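**Q** Given next are the chains, with one letter for each unit.
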Amino acid sequence: MERVVGRDETALAALYDRYAGMLSSVLNRILRDKQAAEEILQDIFYQLWRTSTDFNPARGSLPGWLAVIARNRAISRLRRHRPEQGEELLENTIVMPFNLETAIAQQELLGRVKRTLDELPKEQRATLELAYFEGLTHSEIAERTGDPLGTVKTRLRSAVETLKRKLHP
Amino acid sequence: MSAHPKHDEDFDLYALGALEGDEKKAIESHVAGCPDCARKLAEARGRISLLAFSAPPVAPSPGVKEGLMRQLHASAEGRLPTRTASEPERQGGFFGRGWTMVFAPVAAVLALAAIFLWTENARLQSQIAILNATADQQKLQANEARDILHIAQANDTVVVALKKMPGSPNGDAKVSYNAKMGKLFYDGWIEPAPADKCYQLWLVPMQGDPINAGVFTPAKAKMEMWTATVPQGMPAKMFAVTLEPAGGMPHPTGPKIFVGGVS
Chain A
3 MERVVGRDET ALAALYDRYA GMLSSVLNRI LRDKQAAEEI LQDIFYQLWR TSTDFNPARG
63 SLPGWLAVIA RNRAISRLRR HRPEQGEELL ENTIVMPFNL ETAIAQQELL GRVKRTLDEL
123 PKEQRATLEL AYFEGLTHSE IAERTGDPLG TVKTRLRSAV ETLKRKLHP
Chain B
4 MSAHPKHDED FDLYALGALE GDEKKAIESH VAGCPDCARK LAEARGRISL LAFSAPPVAP
64 SPGVKEGLMR QLHASAEGRL PTRTASEPER QGGFFGRGWT MVFAPVAAVL ALAAIFLWTE
124 NARLQSQIAI LNATADQQKL QANEARDILH IAQANDTVVV ALKKMPGSPN GDAKVSYNAK
184 MGKLFYDGWI EPAPADKCYQ LWLVPMQGDP INAGVFTPAK AKMEMWTATV PQGMPAKMFA
244 VTLEPAGGMP HPTGPKIFVG GVS
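Chains as they are written, first to last, in our numbering: chain A, 3 to 171; chain B, 4 to 266.
Calculated directly from the structure, the hints in this document are not laboratory data. Please read these numbers as outputs of a predicted model, since none were measured by experiment. Possibly wrong hints are sitting among the right ones.
[To be verified] Taking lysine-lysine pairs in the BS3-like style, the calculated list, with each CA pair at most 30 Å apart, reads: (1) A:Lys124 - B:Lys167; (2) B:Lys200 - A:Lys166; (3) B:Lys200 - A:Lys36; (4) A:Lys124 - B:Lys9.
All chains should be modelled from the sequences, with the hints used to inform the complete structure.
**A** Quick look at the structure:
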């Protein structure tokens, strides 16, 4: 990031090579529209370039920040509303529990996340995916699935408990 | 300051965006004044962001990166003067209406020339960016070639021929491994993996669990050569290629395709 702040385009290109695949995957999963996903992907890196001086590494992990921004932007596009003020999270801290600097590290983590989700009961996983990939709240999930609100809350809480237990370094 | 959330998972639910109404406001107001809970929320944001990795892999088109580079140059160079709505229109004076009649055609020609030069400059800058990216790629390839040479020339490099397991896809591969350098060189061919699957190379050490040494998904049954870095000073007992879910696994789970012991 220091080189990006120093306006080194090759540094931005290297960050793109490192993280664009992960971001493209989540954008496509949320939007199911490759053109819209690529527009947002380009815009995220352009924003990173423009606002690189605002990024404080002490307050957050870059891949974590990129993943959060990608999800927020895609869900905003999906739901056709602009991000709420502060949603961009440049000011917020994100602690990434894993090092994602290399492709091998990303691949290992990908396997670990997939395995954790595969171990979740089917209903918990479906509820978690509605929340993460579609940006639905408890009551919106209950409305979508027809399940009681209490059941949705219990499923989601159990799912995040499992994530917390399994996804730590 | 409001009370701490009852459960730590509330931070994950907040980061997920599932909370609403009073539950959401309670977290926001509490975190604003509680550094401990702000840290827990930061950890929850990182944890939840890992779910991005559960999305099926979709590579972006090469045009996205090229477009990004063009955008950088256009923003750096493209500042054509424009008059804003709030600026008053000049009237009278030395450059009043009479002179405007004379200079207007000249100004139009100059403006067109400026636009042409600007777009041409942006195009050239874009080409330079693409050439820089190509040079970076070539540098990476040169580094890989240098690694291959070092591995091949080192006296303590072992070359392991991998044998195809019965019933496995056709193919042939070998691994050149230098434990001291912590580098290996894979050289082989194999039929493409089924959809949603990939091949994964494992270094099986003398002691301990197999170590991931690279994931690959050949599009065609043609020769593949690549290098990988593994922990240094790790004597290998054998190498194996397994068939795994797309993206690879932390530990081998699928059938062995190739296996080769270190003699």
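**Q** Please verify whether lysine 124 of chain A and lysine 9 of chain B have alpha carbons no more than 30 Å apart.
**A** holds, 27 Å
**Q** Between lysine 200 of chain B and lysine 166 of chain A, does the CA-CA distance stay at or below 30 Å?
**A** OK: lysine 200 of chain B and lysine 166 of chain A at ~27 Å, within 30 Å.
**Q** Would the hint linking lysine 124 of chain A and lysine 167 of chain B be met if the CA-CA limit is 30 Å?
**A** violated, 37 Å
**Q** Tell me if the straight-line CA distance from lysine 200 of chain B to lysine 36 of chain A falls inside 30 Å.
**A** holds, 22 Å
Consistency note: the structure conflicts with earlier hint 1 alone.
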